[in-house]
Amino acid sequence: MSSTRDHSHLSAEDQIKLEEWRKKRRAREPDNVTPELAPPPKAEAQPKKRRNWRDHLTSYDEVDNDEDGIVVKRRPTNTEEEERIPNENVYSGNEKFKQDEERELAEKPTKKEVMDIAAVRANLPIYSFREDLIKAVKTGQTLIVIGETGSGKSTQISQYLMEEGFADRGVIGITQPRRVGAVSVARRVAEECDCDIGDMVGYSVRFGDQTSPKTKIKYMTDGVLLRECLLDPMLKRYSVIILDEAHERSVNTDILFGLMKMTLAKRPDLKLLITSATLDQGKFSHYFNNSRVFFCPGRSYPVDIFYLDEPNKDYVDKAVRTAIRIHEEEGKGDILIFLTGQYEIEEACNRLEKEMQKLYKRKPDMQDLVIVPLYAALPPGEQSKVFQPAPTGTRKVVVATNIAETSLTVEGVVFVIDPGYVKQTGFNATTGMESLEVVYISQVAAQQRAGRGGRTRPGKCYRLYTKTEYDNLIPSTVPEIQRSNLCNVILTLKAMGVGDILGFEFLDPPDPVLLIDAMKQLFFLGALQPDGSLTTVGEKMAKFPLDPKFSRALVAASETGCTRDMLSLVAMLSIENIFYRPSTKEGRAKSDDKRRELFEDISGHVPDEITGDHVALLYLYDSWLDSHKDNKFCNEYFVQPRHMKEADDIRKQLHEIMETEKLSLSDKKGRYSERMERLSLALCQGLYINAAKRFNRPPEAKPKHLREKINNDEDLAHNQYQDYTYVVMNRGQLALVHPQSAVLLSPQQQAPEWIVYGDLVQTTRVFMRTVCGVKEEWLEVLHERKKDLNVSKLVGRDVREVVSSLKLAQAVSTEIVDSKYDESHAEEAFARRNDDAKVQAARERALQRRKQQQQPPQKKK
DNA sequence: CTCTCCCT
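Under full-length UniProt numbering, residues 1 to 861 are what the first sequence spells out, in order.
Warning: the hint list may mix true and false statements.
Straight line, CA to CA, 35 Å or less: simulated DSBU-like cross-link-like pairs of lysine-lysine [unchecked claim]:
{"hint": "1", "residue 1": "Lys354", "residue 2": "Lys594"}
{"hint": "2", "residue 1": "Lys332", "residue 2": "Lys283"}
{"hint": "3", "residue 1": "Lys807", "residue 2": "Lys793"}
{"hint": "4", "residue 1": "Lys775", "residue 2": "Lys668"}
{"hint": "5", "residue 1": "Lys543", "residue 2": "Lys693"}
Taking CB as the label site, the calculated pair distances span [as the list claims (entries may be wrong)]:
{"hint": "6", "residue 1": "Lys585", "residue 2": "Ala119", "range": "47 to 57 Å"}
{"hint": "7", "residue 1": "Leu308", "residue 2": "Gly331", "range": "16 to 26 Å"}
{"hint": "8", "residue 1": "Lys585", "residue 2": "Ser407", "range": "21 to 31 Å"}
{"hint": "9", "residue 1": "Leu808", "residue 2": "Lys590", "range": "49 to 59 Å"}
Simulated from the structure, these hints should not be mistaken for lab results.
Since we're looking at a predicted model, the values are computed, not measured.
The C-beta atom is built at its ideal place from N, Cα and C for all residues, glycine as well.
Whenever a hint applies, use it, and build me the whole structure from the sequences.
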């Protein structure tokens, strides 16, 4: 990183502001200040460094190429040592690396330190329960352990069991919902066992297997164990399975509950432990045949909770003002604010900055406030700013999404500001549509957020809602399995031999309509027979760690002869947030320009009717390969190097699976346009159920902002600028192409008549993400498939018995898609939402209703 | 005219 900061990523306006601010700051420095205003000597020793919050971000060029954000400091094994020696850069050129290496070797625990570890372990709250716990595991098959944060359950239980010989006849497997969790806990346990990672203690996450035949304690993500169930449903290698963090109720953990319940019945020697912070232990115990429940206190500091007296609506504003007040009035300690998304976070950061400047005018000796945004799409180099302690004499305020609730822990947080909202997916069973909306958090989530303030010392949590509002929140978050698309889960279950999906013992069963819908989709994809059993195509699809839409496309590609391109494309589609969008307006425009450039490069080489995001993504991947995987290339196109590398790894993994599954990898030769057409055809096999037709309406019916745009721009008017409204084929829903789509970036080009989309999401409108043009005749397959569909036969139940009469029509419908759609439906739908203002009002009412629905009944009066 | 978050 250069010593002088690069401000090219700032807008001109911001740079000027920054300069002015610095001038003022210089003017305030001791010489120019009247004696009575002079800051105390201590502050003088640390001159004010108030900078714009964006200064604390690296510019895009400086972004580190961290792998995945997970810091894996492996001790070099002998073989690695040998590999490294020829690389001069590592040993002679990079002093810092060398120092790190030396320090790490020096850090190898001495005997005394080993004793200290023993003392630390014995001091954990769970230690006093050790004997009881062992006894309970020996006498029962399942055990539920409720342990608060700091109890030591995640690191200790596995070791206790190993010490008692439970690992003698099999591995002790512990699942975590997140990769970072699995890796960091495993590393800690390896340290406590004084062994190298991958030896007696190891972990297994995707693209990171640190296990060996010697491994006795294996930490892994729940997704890894689920994949292992696919190969070995009896889990023969394991003597104990521990499902940790069960309260988070990730889809994978929920599926594992059901699978484990079946496996336990067939393997009396297998032990299962469910460990969790808070959870409804009664329900859990009942589900697992009235298993015993263990309680273990945690160790954290008390957190004082403050509520508002009056309800408050503008929570961003309130959060900013609360933070400033804390900064003015409270003692040492960092602040953590929970907001719902990137946009809100940036707004809050800007407002905090303004307020700080005002505060400085009033109180020039005020200590500095370091403002740090935090959300997942932020490049790792910028995310790491969160973990750097604030310079002495300053306070840090982290403005984060719910990523800071569980995934990332910010040390030093004492003050938590919780507005009580979260952005969350919902799945509407009646429209079959995913939605992303801002909803109230649950009481459990509120407690979790508050707990983030008491990790290092007593903290304070400011809830920006009243006590009554808190009491009216739902007790715990609706489990993810009840609000997501279940296609993948059902295909996995089918491949494990679970024939009767509706009879699967879910801890919290999803709406049967969701399950039926997913099975219908799998049927249309050709993964299921009309009687619900797996087809050979379905068997192959289940082998891929992909959304069934994409695994279907991959199988189709092997038949069509375009596997190389499809492998690259599917790998690219597996990455989200692939394009980095800077936080300034100018940066964003630049980023959009580069994406448009990519798209325009190929548009002449690809037939217009199949153009779209998919060909653009493939082109990006190929260009990246041409650049020899150059980071400069990535930076130029606002693509994160870590994402490209990840796509590359995924591609490799998929390629291997193609080989082991003996899928043909021989590709047809041809010109670029022919290649792309084959690719689109194969892709269409996976996406044809997501078809949409362009909705042409008269110019005067177009929204006002588009009319004005057309009137003001001759080119656009001439080309009959499209507003990219489509009719989604399953239910006549109107949807817009997502503004980030390549199709939208090039207004000169005619939007394709027919498209398929990756997914549909409702935010401010209904958007189709990642779209691609298709030929109408490619969608014909559908009618053939539909003839064989009988929903009751497919799901193996009489649908009338499992679905309420209200949703019956939808459940038994065979109309997943209808390419002969009558446009009059769309006209009707359009007329209904023609008036934007009305729509907005209706949406707000709906939002209000939904929020109220989340409240328990007492609010009804 | 956008942008919760994990995982194989």
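- So the hint says 16 to 26 Å: do the beta-carbon atoms of Leu308 and Gly331 match that? Since Leu308 and Gly331 have Cβ atoms about 22 Å apart, the given range 16 to 26 Å holds.
- Taking only the CA atoms, is the gap from Lys543 to Lys693 under or equal to 35 Å? holds (33 Å)
- Query: Is it true that the C-beta distance of Lys585 to Ser407 lies inside 21 to 31 Å, as the hint says?
  - Reply: holds (29 Å)
- Message: Is 47 to 57 Å respected by the C-beta to C-beta distance linking Lys585 and Ala119?
- Response: holds (56 Å)
- Would you mind confirming whether the straight-line C-alpha gap from Lys807 to Lys793 stays at or under 35 Å? With Cα atoms ~18 Å apart, Lys807 and Lys793 stay inside 35 Å; holds.
- Given the hint that Lys332 pairs with Lys283, does the C-alpha gap stay at or below 35 Å? violated (42 Å)
- Task: Mind checking the alpha carbons of Lys354 and Lys594 for me, to see if they're no more than 35 Å apart?
- Result: Distance ~32 Å between Lys354 and Lys594 Cα, so the pair holds.
- Message: Can you confirm whether the C-alpha distance between Lys775 and Lys668 stays at or below 35 Å?
- Response: Holds, at about 21 Å.
- Message: Holds or violated: the 49 to 59 Å window for the beta-carbon distance between Leu808 and Lys590?
- Response: Holds, since Leu808 and Lys590 (Cβ atoms, about 52 Å apart) stay within the stated range.
Of the numbered hints stated above, the single one contradicted by the structure is hint 2.
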